[in-house]
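A.B. asks: Each chain, written out:
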Amino acid sequence: MKREGLVRIPSGCAIASVISTEGNRMSGETIINAMVPMHERSNGLGGGFAAYGIYPEYKDFYALHMFFDDRSARKSCEVFLKENFEIIKSEHIPTLKLSTITDEPVIWRYFVSPLRAGLRELQIDEREFIVRKVIHINSRQPGAYVFSCGKNMGIFKAVGFPEDVGHFYRLEEYEAYSWTAHGRYPTNTPGWWGGAHPFGILDYSVVHNGEISSYDANRRFIEMFGYKCTLKTDTEVIAYIMDYLLRVQGLTLKESADIVAAPFWSTIENMSDRREAELKTFLRTAFSQLLITGPFSVILGFNGGLMALNDRLKLRSMVVGEREDRVYIASEEAAIRAMDPLAENIWAPGGGEPVIVKLKKGA
Amino acid sequence: MKINFILPEFEVIRDRDSCVSCRICERECSNGVHSFNEKKKIMTADQAKCVDCQRCVALCPTSALKIVKADCSFPSNGNWSEASIKEIYKQAETGGILLSSMGSPSCLPVYWDKILINASQVTNPSIDPLREPMETRVFLGKKPDKLKRDSDGKLKCELSPQLSLSMPVMFSAMSFGSISYNAHKALASASCELGIMYNTGEGGLHKDFYEYGKNTIVQVASGRFGVHEAYLEAGAAIEIKIGQGAKPGIGGHLPAKKISSEVSQTRMIPEGTEAISPAPHHDIYSIEDLRQLVFALKEATNYNKPVIVKVAAVHNIGAIASGIARSGADIIAIDGFRGGTGAAPTRIRDNVGIPVELALAAVDQRLRDEGIRHKVSIIAGGSIRNSSDVIKALALGADACYIGTAALIALGCHLCGNCQSGKCNWGIATQQPELVERLEPEWGKKRLVNLMNAWKNEIMEMMGGMGINSIEALIGNRQMLRGVGMTSKELEILGIAHAGE
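As they're listed, the protein sequences go chains A and B. In this text, residue positions in the first sequence follow the working numbering: the first is 1, and each later residue adds one. In this text, residue positions in the second sequence follow the working numbering: the first is 1001, and each later residue adds one.
Derived by calculation from the structure, the hints in this document are not laboratory data. Any given hint might turn out to be false.
Said to hold, decoys possible - Simulated pairs of lysine to aspartate or glutamate, EDC-like, Cα-Cα distance not exceeding 20 Å:
no. : chain 1 : residue 1 : chain 2 : residue 2
1   : A       : Lys228    : B       : Asp1369
2   : A       : Lys2      : B       : Asp1015
3   : B       : Lys1148   : A       : Glu255
4   : B       : Lys1041   : B       : Glu1009
With the hints as extra help, turn the sequences into a complete structure.
C.D. replies: Take a look at the structure:
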């Protein structure tokens, strides 16, 4: 059977997240608990988490989380890493042996900084450098896969049920101000860890529930700008779209949401604010190929906050709740209740209506 | 004694019991097939003149007529077809180039028919267009590379001129001259009602049709017929015609007998002269010359209108399109080898050029490989026959489609393929007043509007089935297509997987 990426595998899913707007850090236990009542939304073929604020001691370095097929793949990839980066620290990501998580690859993390000479030669900034090198590794380095590459954040994922994956990575021992989680229900047996979610590029991480019908239109557009969709998953293409709109085009979260979940033309025509209508028409026309159709509920994590977004017709469930400094978002209210039985103001955002939560004091 | 090598192609069968000798068939046939035998008091037919346009059949009040293919046949031969033999007889007799009209009828593959469309099952929902919004609006034109903000940080909403269409189908170029005033009026008024575009072709714009300007694409071709400042200003977009799918590499020839007074005024040429468009534009011998014409037209219209460059689908079309995209054009129109024509040399029509499906896929991929697909829109034409062809073209990478033949069929054309004679019994490809008046513009408009609305509904049904509720998410979405019965090379060029994969 072909490995994921050589073939496209649609999935149903469960997503959840929690963020402290005060920046208070919490252990991974909370978010693992959120996934337990949504067990039925996954089928044991993929689970994962993204955590923000977990590496304060290395916050100035990019944390590369990597899967290697074997030791030799790691050795040959390290040659490439050393040619491009100063490696501050290189270590095994600590894991717990569990009977429910098997066939693990070599799981490694590096804290790195791009070599200045490389930046000068390519005439690009640091973040663009990271994107290019990560895409190079994921498409050209056999047996090596970078699954997380942001600063002071990390993605942890595996084939298994999400709650098992959380324990496997010992997430109870990490402290983050923002967590997102994903449980996967693929329609096929992928059996490869890289195919699990979240998918990340720089500090952007995406968890997503749905199957987008615009996939190939989006993929073929975004690949014009240096991205390579090696996994053929919705989550991957959505992450690249968000990186392109936010980082490369410098759009705001709201503007980006108006592109990927653009208002209907009829809605735009009925807007009383002409400037607003002009802006929405402009964004929708300029990036028509980045409109995402079909069902999705997405949580985009980034340093300093997160954004939740549903497709325009709201074809997937997603609810938001809050209490004190915490905001909770999940596919089901049960997941929010599992994190905080007293959560209040539970509401379901409308289709195409972004929910943006940011740290009060910034990232 | 004259030897008649060319046997009549069609047989006129008249049911004597039903025929009431009303002589309608006689009046309706511009080819002079039917006549009344005063002596015998019966209708007779000169079958050799029949072109099988079906006009008499459609108008016979007692349904007494039928036209069938004559079964008088040459000895059967797997190599020498009847058509090949007849063509030799014709050329041996006249010494001339064979002429044909409408698109190539040859048996080469129609790739549309080997492509199948996807639908949602279980993992995502299909969408019911009767209950949910289903958007078919498209904008053709350049999309920006990099956004700009003003000093307050507000986004600058600056876009190159765009062509807004209510659905991704337009009527393609057919000149006034090759088709009639009434046919043009029907196309123009239907476009207005539909919110789409029609195209003047290389015949200029009749003074009566300026009112349809915002739904008009004005064409500038190698003969420059009818091109002047007001003409360029009148349209919503300007199309430079480099080539046509039915006859790549050659120009056009509107015979003198079709140059009526109105046609002569519109084209700005003397009445009754031959209107000959040169094979190339004599100011475009290379790609840098094209750039000059593109910008000359933009300059002349104050950069307010998108410029389309139309080319025939030929070998190496990917590189040609890339050159056009870099020449400043906003839109590229690709015309496949099955595209229609009012007249073309038969050999060229049936042997030069390539299928639009392959050309379109190659162009779309090439522009993406070069990272410039967003800088130019793509229109595919020649030949789009129905709404599923439109869906397939869009998924392969077209932003919109041109239809010519399909629109004429809606107006009554029966594809007899004798446009060059100027004796079209349906009032379409003719300038003879008594024939033109047979096509009532209001009736024609209604039929065109019906056709497009029917296609639009079908497009929305199929989009909904795929779980797509806005047409832009279909454009270039090749995952929605699968091929059947194709070689891996064909699938590779189309960029689609085989059914079952």
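A.B. asks: So, for every hint listed, does it hold in this structure?
C.D. replies: Right, here's what the structure says about each hint:
1. Taken as a hint, the A/Lys228 and B/Asp1369 pair is honoured in the structure, with Cα atoms around 12 Å apart against an allowance of 20 Å.
2. At most 20 Å may separate the alpha-carbon atoms for a hinted pair to count; A/Lys2 and B/Asp1015 exceed this at roughly 66 Å.
3. Between B/Lys1148 and A/Glu255 the CA atoms are separated by roughly 13 Å; this keeps the pair inside 20 Å, and the hint holds.
4. At roughly 26 Å between alpha-carbon atoms, B/Lys1041 and B/Glu1009 are farther apart than 20 Å, so this suggested pair is violated.
Of the numbered hints listed earlier, those contradicted by the structure are 2 and 4.
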